[in-house]
Structure formats: structure tokens, C-alpha cells
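Novice: Here are the chains, one letter per residue:
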Amino acid sequence: MLRLIHADLYKIFHRFYFYIMAASLAALCVLVNLVLRTAGQYSAASFSWGFAVSMLSAPVFLMPMLTDIVSAEEYREHTLKNTLSFGTNRTSLYFSKAITSVLLGILLMAVVLVFYCGSSLIFLPRDAKFTGDLIREFFVRAAASCSVYIASIAMAVFLTVLFRHGSLAIFIFYGAFYLTEYLFKLLRISQLNRYTLKTQIGQIAGQPLAQLQTPVLISLVTMAVFLAAGAAVFHRRDIC
Amino acid sequence: MSDTVIQTRKVNKVYGKFSAVSDLSIQVKRGDIYALVGRNGAGKTTLLKLVCGLTPPTSGKLELFGQTSEQQLGMARAHMGAMIETPGFYPYLSARENLRYYCIQRGIKDRKEIDGALEFVGLAETGRKKFKNFSLGMKQRLGLALAVMNHPEVLVLDEPINGLDPMGIKEFREIILKLNRERDTTVLISSHILGELSQIATTYGFINGGKLIQHISAAELEEKCRSCLRLDVDDTEKAAGILKEKASCSKLEIIDRTTLHVHEQLDRPEMLVKALVENGVMVSQVCRSGISLEQYFVNLIGGKEIA
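Chain order of the listed sequences is C and A. Under the numbering used here, think of the first position of the first sequence as 22, with each following residue one higher. Under the numbering used here, think of the first position of the second sequence as 48, with each following residue one higher.
Keep in mind that the hints were calculated from the coordinates and are not lab data. Treat the hints with care, as some may be off.
[Stated by the list, open to error] What the simulated footprint calls covered on chain A by chain C, stretch by stretch (three residues with Cβ under 8 angstroms from a Cβ of chain C suffice, anywhere in the stretch; the number is not a length): (1) 120-127; (2) 291-297.
[What the hints assert, rightly or not] Counterexamples of contact, computed for chain C against chain A with all Cβ distances above 12 angstroms: (3) 28; (4) 74; (5) 104; (6) 107; (7) 108; (8) 111; (9) 113; (10) 120; (11) 123; (12) 184; (13) 226; (14) 229; (15) 238; (16) 245.
The beta carbon of each residue, even a glycine, is placed where N, CA and C say it ideally should be.
Given only the sequences and the hints, what does the whole structure look like? Please build it.
Specialist: As C-alpha cells, this is what we get:
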């Protein structure tokens, strides 16, 4: 499986797409802090870091893009057959794609954290509220939100395998992530909303630190379900 | 070491109500160039996909190098090279980078393998040119380079000469023959260009409607196609009946209302003519005639039946 991941990373680092994605995110992080610098009473590092916590759900948007360059592209370019006809185990291949997406997500997260935190410290004054506790809380919530991101990747990979069409999978991913609560309301099963990924990321951003275990656990269970379902579908899937 | 490298036993592949492959059993022996011949939709590509693990069979058994379990089949496929349908590569990578990707994946550390494969198919000079800018022929060659890169014992090729120019086709044929003769590579190949197949194949499998309708060696096929007696008569139905009854000819082929091919008694045309004339059939011409692989195939699947 390590060879499969290595090969995928080789492929991805040989194209501009990923670098453009990373550079755009880095520029956006710097831009946010530059805008806050001119925002009067909000021009403080503590506000910037608090704002970042409220935006923890935003990276979910990027997850299908990662799976698109790792997994969906294989269907688009008909390259899976080259790998499978060599006798590669399907389950290994499926999990290698998910792990590669997670690794790229970690890399992007590192870029975002470095540029966001770095630019806030450079451009914004460190006010009295900017304490060690606030920094610690920010990183704990950011780490906890990784469970939701990884579950999102598992869901996106599953949808890619299911639909074999990158754009359709991305479209359905956004629909599933953002509209499931309305669907549950419509079906009068609103009580299920507490298990959606959207709810988990909301709780990670808003709940006291001591209560983050539950959303993390639900996210990890969601991840396991989607990974298992995706592997099962991929195992019987016709490849062309 | 097993003499049979690929064997399918009563393999079926069903999509909904459509049966793409039905109770299909083939046997490819080491050193063979096995040509799969069939119409579009006959089941050739599905069979090759089954062999390569791209689609699981609905039922039946697949054996590669004597192995049958899923795990063993995976390991056996590492000794195979395949090119199924159109070649698929990453458009933003060059030929070398694309092959490097698969070298990493397959644990091939020697970069000379890439140079060797590219040189072998005539793509050594493509430099940094991206795959997306390749011509169809170049793409086919890169597909072949990937298939031969790990020195496979078996090559599985599906319509490999599509898109190649005449020179490319000739070079391709030479590559296949070279691999077969020098490296003893077994080849399982499908193509619509029957004339090309007839120049390289050692065994043929004719497929129609997902079923194997005939398995025949090149020597046997050549014998069958080599010659027949062509008789131009006024009534082929009547002539066929007379020849069966009076001249003990059982292998007859009615081409049209006035033409009849006789595959027996080739050295005694005068006896056949005599039998016909004596029984009131007018014979206007008798000559020796051979048929092409294409004609044989047409006759076999959709033309007049060989009696």
C-alpha cells in the first residue's frame, strides 16, 4: 500500500493543481488577516483566532476537491485498469486513495495553519485576550475537527466510487453535507440530525472543550461506515 | 511449470438481463499467440477484462498460471502485461513520468526499465511532451510500453492496433513476434483487423454472442482456408444434394444461388463434375479457390453454414 500512496503523491506533486490550491489557501489566510487589520475594534489577534474557530467547517468544502485529484481522476482518465490489471489488491488500492487524500488534507491544513496563524501574529496586535489558553483551545478544536475532515474524505471517496463521475460526486457530497438536515426535517426524522457531519463540526466549534469527545467519536464512526461501504462497492465494481 | 497459462472454465458475465459472456471456456498455452476473433459486442473485451481482473465473473472459474484463488490470481497478474481498450494515462505527465508512476506502484526501481520500454516502442525521443498532446498512435505505443515494461510472461492486448498508421501496424506486428520468439511471451490478443491477426496468431478463438464457437490452431485454420473447389452451377441446392449422395462430400458451403465451395475431394474435380452433369446439374466453371480469415469468420458466424 505504501507504494500505491508513494505513486499517487508522485503524480500529484507533478501537477500545478495542488500547488495552486495550496497557494490560493495561503493567500486567502493572509488576506483575511490583512482585512482584519483595517477592521477597527476587530483588529486583534484574539478576534482572528476566534474567527478561525467559527470557520472550522469551511475546509469541508475542499475535501471533495482532494478526492477528485486522487480518486475521481482515475475514472476520468481510465487509469485504474493499469493498476488493477497488474494484480493490485482492490481493497489496498481503495484505502491507499483515502489515505493519500488524508495526507494531502494534512499538508493543506499545515499550510493554512502556518499562513493564518503566522500572518495574524505579524499583522495584528496581540491583545489581552490573546492568551495561552486561547491558543491551546484553538489547536484542540482544530485537531478535533480533523475527525470531521477525514470522515468527509471517506464520504467523498465513497461517492466517487459509487458514481464514477467526479463532478456528480462533488455535487452530491455538498448536497449530502449541507441539505441532509432539511431532508431529515422533511421526513420528520429530525432527531437524526445530531449524527450528521455538519452537526459534529458545529459542536466542535461551539461546545466546551470537555465535550468534544462525542462529535469526534460520531465522526470516526461515520468515517468507518463510509470506508467500509466504499471498499465493498469498489470490490465488485467494473473498471473500464 | 504448467503448460497452460490462462484457462477459463464455463465463465459467465451477466449485466442485468444481458449475458456478455456465456459458459465460455478457453485455454491459452505457454508460447501461444491466441487471437480472439468476434464481432463488436461478441464478448471479447469482457473476456479480457475478466482475465485482467477488471470485472469479476458472475460465475465460472478463471485460472492463471494454475492459480485460482483471488489472492493467487492477483499475484499471477503481476506476471502479465495488459492493454485493454484505449490506453489510459495522466494527461499532464510525459511518457517517462507516466511510466515512472507505474514503476513506483509496482516496485520497479531500475529506471533503465523505463528507457528500455520507451525505446522498444519507439517513444524514446518524446522528451517532456505531455500525454495529452500525443497522437492516437503514440498513446497506443505508450500503452504497449507499460504492458511490456515488467517483462511479462503473458501479454493481454485488446484492439492494440487501433489508431496506428500502416507503418505503426507493421512495427507493432514485429514487436509482438519479437516478444513471442525471443522472450517466449504468450499473447492473448483481440483485433478487428483479421488480416493482421492472421500474420501473427498461432491459435484462434472465435467468439459470437458471448460464446466460444470455435477454437482452432493456425495450422488447422490454414488447412481449412487454404483451398476448396469452387463450382459455378445452375442450382446449388440440388448440386449440394447430389454431391453429398453421389460423391460422398459432406463439407460443402453454399455461397450463393450459383456458387458452391467443396472442401473435400479436392484432387478429383472431374469426378464431382461427372456426378453433377450425370444428374442434370449444369456446371459452368470449376476452379480451385482459397478463402481469407475474414471470409472464414463471416461464414462461421453469419454466412452460409458449412454443411
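Novice: May I ask you to check that residue 111 of chain C keeps its beta-carbon over 12 angstroms from the closest beta-carbon of chain A?
Specialist: violated (8 angstroms)
Novice: Does the claim that residue 238 of chain C lies off the interface hold, with its Cβ farther than 12 angstroms from every Cβ of chain A?
Specialist: Holds, since 34 angstroms exceeds 12 angstroms.
Novice: Beyond 12 angstroms from chain A, beta-carbon-wise, is residue 226 of chain C?
Specialist: holds (37 angstroms)
Novice: Taking C-beta pairs only, is residue 108 of chain C more than 12 angstroms away from all of chain A?
Specialist: Check fails; 3 angstroms does not lie beyond 12 angstroms.
Novice: Could you check that no beta carbon of chain A comes within 12 angstroms of the beta carbon of residue 74 of chain C?
Specialist: holds (37 angstroms)
Novice: So residue 184 of chain C supposedly isn't at the interface. Is its beta-carbon more than 12 angstroms from every beta-carbon in chain A?
Specialist: Per Cβ check, residue 184 of chain C is outside 12 angstroms of chain A; nearest 18 angstroms; holds.
Novice: Grab the minimum beta-carbon distance between residue 229 of chain C and chain A and tell me whether it stays above 12 angstroms.
Specialist: holds (46 angstroms)
Novice: Are all C-beta atoms of chain A more than 12 angstroms from that of residue 113 of chain C?
Specialist: Check fails; 10 angstroms does not lie beyond 12 angstroms.
Novice: Check the non-interface label on residue 107 of chain C: least C-beta distance to chain A beyond 12 angstroms or not.
Specialist: Since the minimum Cβ distance to chain A is about 6 angstroms, residue 107 of chain C lies within 12 angstroms and the statement is violated.
Novice: Beyond 12 angstroms on every Cβ pair: is that true for residue 28 of chain C relative to chain A?
Specialist: violated (4 angstroms)
Novice: Please confirm whether residue 245 of chain C is truly not at the interface, meaning its C-beta sits more than 12 angstroms away from all C-beta atoms of chain A.
Specialist: holds (24 angstroms)
Novice: For the region 291-297 of chain A, do at least 3 residues have a Cβ located nearer than 8 angstroms to some Cβ of chain C?
Specialist: violated (count 0)
Checked against the numbered hints given earlier, this structure breaks hints 2, 3, 5, 6, 7, 8, 9; the rest are met.
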